[in-house]
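Asker: These protein sequence lines map, in sequence, to chains A and B. Taken in order, the first sequence gives residues 1 to 210; the numbers are from full-length UniProt numbering. Taken in order, the second sequence gives residues 1 to 210; the numbers are from full-length UniProt numbering.
There's no promise every hint is true.
When chains are identical, the list treats them as one kind, so a pair holds in a single copy or across two.
[Claimed, not checked] DSSO-like mimics (lysine-lysine), calculated; alpha carbons at most 27 Å apart, straight line:
1) K70 / K28
2) K76 / K5
3) K54 / K28
4) K9 / K76
Derived by calculation from the structure, the hints in this document are not laboratory data.
2 protein chains.
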Amino acid sequence: MEFTKRQEKIIEIVRESGPITGDEIAGKLSLSRATIRPDLTILTMLNMLGARPKVGYFYTGKSGLSVFSKKVNSIKVKDTMSLPIVMDENSSIYDVIVGLFLDDMSSVFITNGGFLAGVVSRKDLLRTAMGKIDLNSTPIGLIMTRMPNIVYVTEDSSVLEAADKIEEKGVDSLPVVKVVDEELKKFKVVGRFTKTNVNRIFVELAKDNF
Amino acid sequence: MEFTKRQEKIIEIVRESGPITGDEIAGKLSLSRATIRPDLTILTMLNMLGARPKVGYFYTGKSGLSVFSKKVNSIKVKDTMSLPIVMDENSSIYDVIVGLFLDDMSSVFITNGGFLAGVVSRKDLLRTAMGKIDLNSTPIGLIMTRMPNIVYVTEDSSVLEAADKIEEKGVDSLPVVKVVDEELKKFKVVGRFTKTNVNRIFVELAKDNF
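Whenever a hint applies, use it, and build me the whole structure from the sequences.
Answerer: Laid out in structure tokens, this is it:
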């Protein structure tokens, strides 16, 4: 959307002189209050301006992106997640690397008794492959990142929460889990949410196709 | 932002009965045209509704995300890109892997005579490390993805264009280049734009901090 020249002037006035009443803004523009009422309505709806009774309009510093914020808070991980590769803790490192290449994934989730026990990334595997370990005889459990150091989300997490965890923890992918027992950290892996998912949502929302 | 109940009803009416004139919409709501005028203004500004003279209002199917679209079209790669690691084509594979770990990167850009010649990812390196090649004596040039198969952006590309290339080509990172000679494909590497950058922009825009 484009703001009209008049709306841009109003934003400018409020930024410089806010808090300011609607009448005062109208006065500065040599217009009637009634003329600028729709503009003020639009600008406050978009959160560009705030309005407080008996105080007037003030500049929020927000850029009208709240539709986007609301949207990414409402899209759930389960709406966009990918299929995971899941392998048992006793699998050899070699088998995990093969699995990773077969499915062209950047990480593999590792289970023990069917519950999430670890995560291994390409980086972990490359580091290990450079070392002296025998990849065929060493179980993946020896090199994986273990619970409780795994960052995860549930199917009902918002994609914003997931992207925020990816950013904050510096990881590439998150296991999506169904919680079986929160206290005992028994989680079933039901999906995978990665930067690739975020990138796709970003592009689709920007093209407004989501 | 939140739509009012009346705005939501208007959207519903237009979705079901559009194209429809403002007077007809007002009639269905038992309100005057003047009463709903600000609502129609807002909804068309947000591109939720389209309006055509002598035809009326119609539903666009858009979700009011055009502020976001405009924003990500206006943010340039140079505003958000990261520093690259750049190594010469004659570097050994081993040295590239070490460089990648030192800087905790997911890919390295390779130059020949100072110009972009190739890209190597963690995946390429893991595949190579699993093979029989001597990593110390083999130059990286032997395994890298070469020009002209490299997907790149310039500093003035929009982040949407960059994210779109990442999505479409299925890559994790793009070299950001300054074009020295388009025809001869002489490009200086000046930055790196990755899914991590997209994820950060996504989170910051959603929190409206950008």
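Asker: Does each hint fit the structure? Answer for all of them.
Answerer: Hints, verified against the model:
In this assembly of identical chains, the alpha carbons of K70 and K28 never lie at most 27 Å apart, being 34 Å within a copy and 29 Å across copies at closest. For the homomeric pair K76 and K5, the shortest alpha-carbon distance between copies (25 Å) is at most 27 Å, but the shortest distance inside one copy (38 Å) is not. Taking the shortest Cα distances, K54 and K28 sit within 27 Å of each other inside one copy (19 Å), while across copies they are farther apart (36 Å). In this homomeric assembly, K9 and K76 come within 27 Å of each other (Cα to Cα) only across copies, at 26 Å, whereas the closest approach inside a single copy is 38 Å.
Of the numbered hints listed earlier, the single one contradicted by the structure is hint 1.
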